[in-house]
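Each protein sequence line maps, in turn, to chains H and A. The numbering of the first sequence is the working numbering, which starts it at 1 and goes up by one. The numbering of the second sequence is the working numbering, which starts it at 1 and goes up by one.
What the hints contain is simulated information worked out from the structure, not anything from laboratory work. Some hints could be false.
Claimed, not checked - Some chain A residues close to chain H (C-beta under 8 Å, calculated; not the full set):
1. 10
2. 36
3. 101
4. 102
5. 107
6. 113
7. 129
8. 131
9. 133
10. 137
11. 189
12. 192
Beta carbons are placed, not taken as given, at the ideal position from N, Cα and C, and that holds for glycine.
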Amino acid sequence: MIPKRRKVISSLALFVCFLTALWGIFWLSFIIIDVSRHGITGINSSLFLNDPAPPGEEGGGLRNAFVGHLHITVFATLIGVPVGVLGGTFLAEYGRKYNISKVISTLSDIIVSVPAIIIGAFIYAIIVKPLGHFSGWAGAIALGIIMIPTILRTTENMLSLIPWTLREAAFALGAPYYKVIIQVVYRGAATGILAGIILAIARVTGEAASLLFTAFSNNYFSLDMSQPIASLTVNIFQYAMGPYEEWHAKTLGATLMITVFIFFATIAGRLLIKRRYKI
Amino acid sequence: MKKQRGKFTDIVFLFITAITAFSVIAISLGIFIVLFKESLPAITKLGIGGFIFSNEWNPVQEIFGTAPALIGTLITSFFALLLAVPIAIGIAIFITEIAPSFLKGVIGTAIELLAAIPIIIYGMWGLFTLTPIMMHYIEPFLQSTVGKLPLFGKLFEGNPLGLDLLTTSIILSIMIIPFTASIARDSFNLTPSVLKESAYAIGATKLEVLKDVVLPYSKLGVLGGVGLSLGRALGETMAVAFILFIMSFNILALAQIFLMNAERK
Chain H
1 MIPKRRKVIS
11 SLALFVCFLT
21 ALWGIFWLSF
31 IIIDVSRHGI
41 TGINSSLFLN
51 DPAPPGEEGG
61 GLRNAFVGHL
71 HITVFATLIG
81 VPVGVLGGTF
91 LAEYGRKYNI
101 SKVISTLSDI
111 IVSVPAIIIG
121 AFIYAIIVKP
131 LGHFSGWAGA
141 IALGIIMIPT
151 ILRTTENMLS
161 LIPWTLREAA
171 FALGAPYYKV
181 IIQVVYRGAA
191 TGILAGIILA
201 IARVTGEAAS
211 LLFTAFSNNY
221 FSLDMSQPIA
231 SLTVNIFQYA
241 MGPYEEWHAK
251 TLGATLMITV
261 FIFFATIAGR
271 LLIKRRYKI
Chain A
1 MKKQRGKFTD
11 IVFLFITAIT
21 AFSVIAISLG
31 IFIVLFKESL
41 PAITKLGIGG
51 FIFSNEWNPV
61 QEIFGTAPAL
71 IGTLITSFFA
81 LLLAVPIAIG
91 IAIFITEIAP
101 SFLKGVIGTA
111 IELLAAIPII
121 IYGMWGLFTL
131 TPIMMHYIEP
141 FLQSTVGKLP
151 LFGKLFEGNP
161 LGLDLLTTSI
171 ILSIMIIPFT
181 ASIARDSFNL
191 TPSVLKESAY
201 AIGATKLEVL
211 KDVVLPYSKL
221 GVLGGVGLSL
231 GRALGETMAV
241 AFILFIMSFN
251 ILALAQIFLM
261 NAERK
């Protein structure tokens, strides 16, 4: 009799856990279905090919925001990837014996969890305020700083997975350390580092709070990185708050595009890691 | 000769990597120093106590009391954690202990995707979908039933517009569930299976194994995950901005908050 009661209680508890998992899946599918259902109505060719029309008028698109967003992200990647990869190399190779490397690892873990808006405020104080205006460069630097610690940590972890004997074999042939790193260690860890970079790009693509303080926004088509430049996420924020139905449709279209991009990037990054390390 | 050139390049490479690594220290120190320096005028004006407890917000006279913002942040984060943590632990248990292996991968990936959705999309979705639902169905119902309770009633008092602390808490909780769940899952997975098997061998049910073996073993990891998600909930800006700030602040006031106060808002 008593063992039976324990079994019933146990299966009840497990059923509750099953319900919570359903709850999580429910919200995920709710959000995805909702974003795509509304988003598809907002996607048409003029969304990509036209600049915004004056408020309240029909037509227009978000071409400036797509181009601006691409610009900011590309330059952020150009800043974040070299610094992150090389810094991770130092932590895993040259500096692996020193305590300072552990300090740097911990600090970058802390920066990863610092809210992006703090990074935005930091860049605002050191770049935007002295220059007197918002600029695309400030946005790119802010996103680059957000990328650095993520890439740095992944690179460090991936490099330390490479067996030490591989390096010793290269040393035995008389190769200097930098050649060992570039030709042996990087080659072994390339997939892992690439996955880390993809995940970092996916993370900054959805960044809005820090761009609000740095790149701000621009209603016109602009390729000039030293001026305020439009970005999708800030435009989503402004348009969603606006009163016009036209704006809402565009916001939802842009939201769908960002979500789709991030999903693909995330899945690609995870698959790369899984295939390489068979976790 | 050739060997020396190799050595020289090696030192140059060492230098470049060292500089990039140390830039992390420079960035983190820079953030603290700059935020401290920039927020000093706002804090000294009222003193630390006034800065935290005053609820006067007057940009013209440069008086910035942060009590409303601070209390709002604390309340929403607290309720978000209250909603999210039990569910996240349930999901972690489901993934590690119950689900058949083909579901493990699917649900694990789904949770990770939920974590990858950018904050701004949660905010958008909250504004366009969740807010009307709260406005039309849930809040009138809650107000007529439990609205008189002291602390809980505060969450949705006044006109049921949907743009309030309760909606914000729900969005925050949806946002941190995947985060907490994946950390809890990882710490559950760390429990040695020998321990679990020996508990099963003396006739324990699954619940008893979870309660007496897995949870005590992974307690610290789960707590750490909760702490991290609290940090994430406190630091959330955009999702909250969509729902709450629409009522009282515009974007520029929002900018002032974060520049004049070094709050982790």
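Inset, instruction - Could you check the structure against the hints above and give me the numbers of any it violates, in ascending order? - result: Numbers 2, 3, 4, 8, 9, 10, 11 and 12, in rising order.
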